[in-house]
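Student: Once you know that position 333 of the sequence shown is 332 in numbering that gives the first Met the number 0, the rest is easy, because the numbers rise by one and skip nothing.
Check each hint, because a few of them may be wrong.
As the list claims (entries may be wrong) - Using 25 Å as the maximum straight-line C-alpha spacing, the simulated SDA-like pairs for lysine to any residue come out as follows:
1. 233 / 568
2. 420 / 569
3. 316 / 287
4. 408 / 117
5. 73 / 24
6. 509 / 459
7. 536 / 576
8. 483 / 441
9. 277 / 220
10. 613 / 485
11. 312 / 281
12. 277 / 259
13. 186 / 565
14. 162 / 98
15. 162 / 6
16. 63 / 88
17. 216 / 269
18. 413 / 230
19. 233 / 571
20. 290 / 239
21. 396 / 241
22. 461 / 506
23. 240 / 196
24. 599 / 531
Rather than coming from a laboratory, the hints here were simulated on the basis of the structure. Being a predicted model, the structure only gives us computed values, none of them experimental.
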Amino acid sequence: MFRKMTDLKNIVGKKIIVRADLNVPIIDGKIVDTSRIDNFLSTLKWLKNKQAKIIILSHLGRPKGEWNDEFSLKPIANYMKIPLEKTHIDNLKLNLKNGEAILLENTRFYKGEKKNSSDFAKKLANLGDIFVNDGFSVAHRSHASTVGITEFLPSYAGFQIEKETTELDKILENPTRPTIGLFGGLKVSTKAPILINLLENLDTLVLGGAMANTFLKAKGFEIGESLFEELQIKIAQRIIKIAGDKLILPIDIMTKKKENKNIKDLEKNDVIMDVGEKTIALIKKQIEQHKTLIWNGTFGVCELQPFNNGTEKIAEKIASEDVFSVAGGGDLHAILKSNNLIEKFSFVSTAGGGKKLSEILVGKRISEEVLEQIEDTLITADISPIDAIELVESIKKLPAESSIEKVKKELYNKIFPVLKKAESAFELNNSLHVILVAGVNGAGKTTTLFKLANYFQLQGKKVAVAGCDSFRAGAIQQLADRMKLLDIDVFGEMRKDPSGIAYQALEQAKKDNANVLLIDTAGRLHDNENLMSELKKIHRVLGKQGDFPQDCWLVLDGTSGQNTISQVDFFSKTIPISGLIITKLDSTAKGGFIYSLLRKFELPVVFLGTGEKKENLEKFNAESFAKTLLK
Numbered sequence: 000m001f002r003k004m005t006d007l008k009n010i011v012g013k014k015i016i017v018r019a020d021l022n023v024p025i026i027d028g029k030i031v032d033t034s035r036i037d038n039f040l041s042t043l044k045w046l047k048n049k050q051a052k053i054i055i056l057s058h059l060g061r062p063k064g065e066w067n068d069e070f071s072l073k074p075i076a077n078y079m080k081i082p083l084e085k086t087h088i089d090n091l092k093l094n095l096k097n098g099e100a101i102l103l104e105n106t107r108f109y110k111g112e113k114k115n116s117s118d119f120a121k122k123l124a125n126l127g128d129i130f131v132n133d134g135f136s137v138a139h140r141s142h143a144s145t146v147g148i149t150e151f152l153p154s155y156a157g158f159q160i161e162k163e164t165t166e167l168d169k170i171l172e173n174p175t176r177p178t179i180g181l182f183g184g185l186k187v188s189t190k191a192p193i194l195i196n197l198l199e200n201l202d203t204l205v206l207g208g209a210m211a212n213t214f215l216k217a218k219g220f221e222i223g224e225s226l227f228e229e230l231q232i233k234i235a236q237r238i239i240k241i242a243g244d245k246l247i248l249p250i251d252i253m254t255k256k257k258e259n260k261n262i263k264d265l266e267k268n269d270v271i272m273d274v275g276e277k278t279i280a281l282i283k284k285q286i287e288q289h290k291t292l293i294w295n296g297t298f299g300v301c302e303l304q305p306f307n308n309g310t311e312k313i314a315e316k317i318a319s320e321d322v323f324s325v326a327g328g329g330d331l332h333a334i335l336k337s338n339n340l341i342e343k344f345s346f347v348s349t350a351g352g353g354k355k356l357s358e359i360l361v362g363k364r365i366s367e368e369v370l371e372q373i374e375d376t377l378i379t380a381d382i383s384p385i386d387a388i389e390l391v392e393s394i395k396k397l398p399a400e401s402s403i404e405k406v407k408k409e410l411y412n413k414i415f416p417v418l419k420k421a422e423s424a425f426e427l428n429n430s431l432h433v434i435l436v437a438g439v440n441g442a443g444k445t446t447t448l449f450k451l452a453n454y455f456q457l458q459g460k461k462v463a464v465a466g467c468d469s470f471r472a473g474a475i476q477q478l479a480d481r482m483k484l485l486d487i488d489v490f491g492e493m494r495k496d497p498s499g500i501a502y503q504a505l506e507q508a509k510k511d512n513a514n515v516l517l518i519d520t521a522g523r524l525h526d527n528e529n530l531m532s533e534l535k536k537i538h539r540v541l542g543k544q545g546d547f548p549q550d551c552w553l554v555l556d557g558t559s560g561q562n563t564i565s566q567v568d569f570f571s572k573t574i575p576i577s578g579l580i581i582t583k584l585d586s587t588a589k590g591g592f593i594y595s596l597l598r599k600f601e602l603p604v605v606f607l608g609t610g611e612k613k614e615n616l617e618k619f620n621a622e623s624f625a626k627t628l629l630k
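Can you build the whole structure from these sequences, using the hints too?
Tutor: This is the structure:
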């Protein structure tokens with residue numbers, strides 16, 4: 000359990016740094032919704048009464064680490080009737096009296112804030128004696144003013160964090176069943192892990208908003224031109240399978256043309272804007288049958304009337320029922336406030352997005368700080384959402400006090416075995432070995448061939464090269480120019496049959512006693528049937544020319560992420576892929592897709608390309624790659 004601000008004794012004259020979340024909507028210099036500020040005032044009043052010296056920190060908007068008057072906290076300071084200190088922190092000297100408070104300018108004006116810079120966090124800490132975090136909706140963010148500062152000061156929770164966490168704990172520790180979850184809003188991608196985790200604690204799950212469109216699409220319904228997430232279809236299908244009878248999706252909707260239509264009657268030009276009347280009635284009936292309710296995200300495009308109808312009617316129904324109700328999310332909070340319904344819910348979170356509220360409802364087996372870092376690590380690493388969900392599931396058993404290093408070790412133990420299977424033992428012997436190299440346009444195939452030739456030459460092998468990309472202007476010449484740097488002549492001629500070139504190159508390589516023949520193929524699009532047929536023909540012709548080792552290596556662009564999976568799928572239907580070469584694995588590529596790719600195909604990764612120079616070719620090492628992935 001965290002330490003509460005009320006645990007503090009005798010703080011007269013103590014400098015208390017308070018992290019609040021005063022990130023409120025401001026239009027033309029006027030605050031549109033003061034809820035977050037008003038909720039913070041109880042903490043401020045308590046500290047003033049205790050005669051502390053109060054230094055308030057907050058962010059506003061996304062100024063990208065630069066001073067920008069558009070994101071100044073001046074309107075907030077004016078509303079709170081306290082001074083705004085605009086002096087840069089490097090030059091800041093405070094002289095507060097007991098019981099006085101001051102608001103520092105936007106923390107996100109400093110680049111060190113979002114980077115959780117230790118130096119910036121220490122500068123903040125040097126301003127005070129004690130740190131109080133009262134910004135519930137930003138408490139999960141690993142920023143200097145929320146997490147970094149706690150390394151330097153004794154830290155406590157303010158009234159807002161205490162209140163929100165206590166209320167949410169009621170659901171975690173002993174929810175009254177049956178329990179229903181209503182989830183709307185835009186994205187499946189941000190809520191998929193949450194939905195899967197929550198299913199264990201829910202008896203019913205109702206989805207609405209644009210998020211539901213992805214699920215409808217996943218079930219094969221026509222959704223017209225409605226917003227949905229193509230890349231989340233498989234995840235939606237998985238959640239549908241896990242949820243089973245618990246899941247309720249819209250049965251009718253309101254279109255952009257303000258027509259109420261059954262889901263099965265939607266046409267290709269329809270746009271879903273809100274849930275329909277039958278769906279609203281269905282949800283109302285479900286609410287009556289449950290004792291505990293969790294709601295996050297609106298069910299329609301509420302900023303446009305009449306598409307706020309569904310959300311408002313559902314809210315009114317919840318407010319009228321004897322159900323323990325917890326709601327959260329910026330847009331939903333605004334709807335409840337404008338309809339004077341906040342007081343009629345058991346608890347309404349001030350968290351600005353559904354993510355924070357929902358993640359807390361998932362459980363507290365691991366701290367919020369650790370979960371945030373896990374999320375950032377997996378997303379940054381470009382691991383597929385499905386695999387990311389399973390990896391996160393694997394660490395749920397860890398105790399709450401687990402450090403990020405302990406969590407990473409657990410993730411490493413899951414990732415490493417998959418990568419280890421992909422380590423290649425490929426070595427050339429002294430007999431001729433043919434390697435057919437394929438890949439889509441732009442994957443870095445020509446550069447890779449150059450690197451391979453150099454690699455084998457350094458091993459003392461005689462290298463032959465065939466250019467079978469004979470119908471693309473300049474392709475063979477481009478390859479020849481690179482190979483000339485290694486004193487290798489490229490066998491090939493423009494406008495000639497690619498399989499014929501491959502056959503003749505093989506015969507010449509035999510005569511020259513070459514150890515390896517590298518065969519370039521057209522930089523084809525993987526779904527071009529004619530080119531894929533030509534690739535199959537080249538492989539077939541080579542296979543008839545005697546008993547010698549032959550490999551088919553596929554070059555994949557490391558910056559293509561999850562798209563590489565579909566490429567491997569298509570190419571493997573044409574030629575027997577025996578190895579992968581992943582290119583462009585420098586600062587522009589994440590690499591996590593390799594884990595997802597290998598889980599599906601179990602192919603060896605022969606080499607990694609890490610730069611443009613001929614020396615930038617490395618054997619794949621599972622241990623070092625897994626550790627780099629989780630840095």
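Student: Would the pair residue 312 and residue 281 pass a check requiring their Cα atoms to be no farther apart than 25 Å?
Tutor: holds (12 Å)
Student: Run the distance test for residue 396 versus residue 241: straight-line Cα separation, threshold 25 Å.
Tutor: holds (20 Å)
Student: Sort out whether residue 117 lies within 25 Å of residue 408, counting only the CA atoms.
Tutor: Measuring from Cα to Cα gives roughly 24 Å; hence the hint holds.
Student: Can you confirm whether the C-alpha distance between residue 277 and residue 259 stays at or below 25 Å?
Tutor: holds (9 Å)
Student: Holds or violated: residue 599 and residue 531, Cα atoms, limit 25 Å.
Tutor: holds (22 Å)
Student: Hint check: residue 186 vs residue 565, CA-CA at most 25 Å. Holds or violated?
Tutor: holds (23 Å)
Student: Between the alpha carbons of residue 461 and residue 506, is the straight-line distance 25 Å or under?
Tutor: Holds, at roughly 15 Å.
Student: Given the hinted pair residue 73 and residue 24, is their Cα-Cα distance within 25 Å?
Tutor: holds (13 Å)
Student: Are the Cα atoms of residue 509 and residue 459 separated by 25 Å or less?
Tutor: Holds, at roughly 17 Å.
Student: Is the Cα-Cα distance between residue 613 and residue 485 25 Å or less?
Tutor: Given pair residue 613, residue 485 holds - Cα atoms ~10 Å apart, limit 25 Å.
Student: Would the pair residue 240 and residue 196 pass a check requiring their Cα atoms to be no farther apart than 25 Å?
Tutor: holds (14 Å)
Student: When you check the alpha-carbon spacing of residue 413 and residue 230, does it fall within 25 Å?
Tutor: OK: residue 413 and residue 230 at ~24 Å, within 25 Å.
When each numbered hint is compared with the structure, no violation occurs for any of them.
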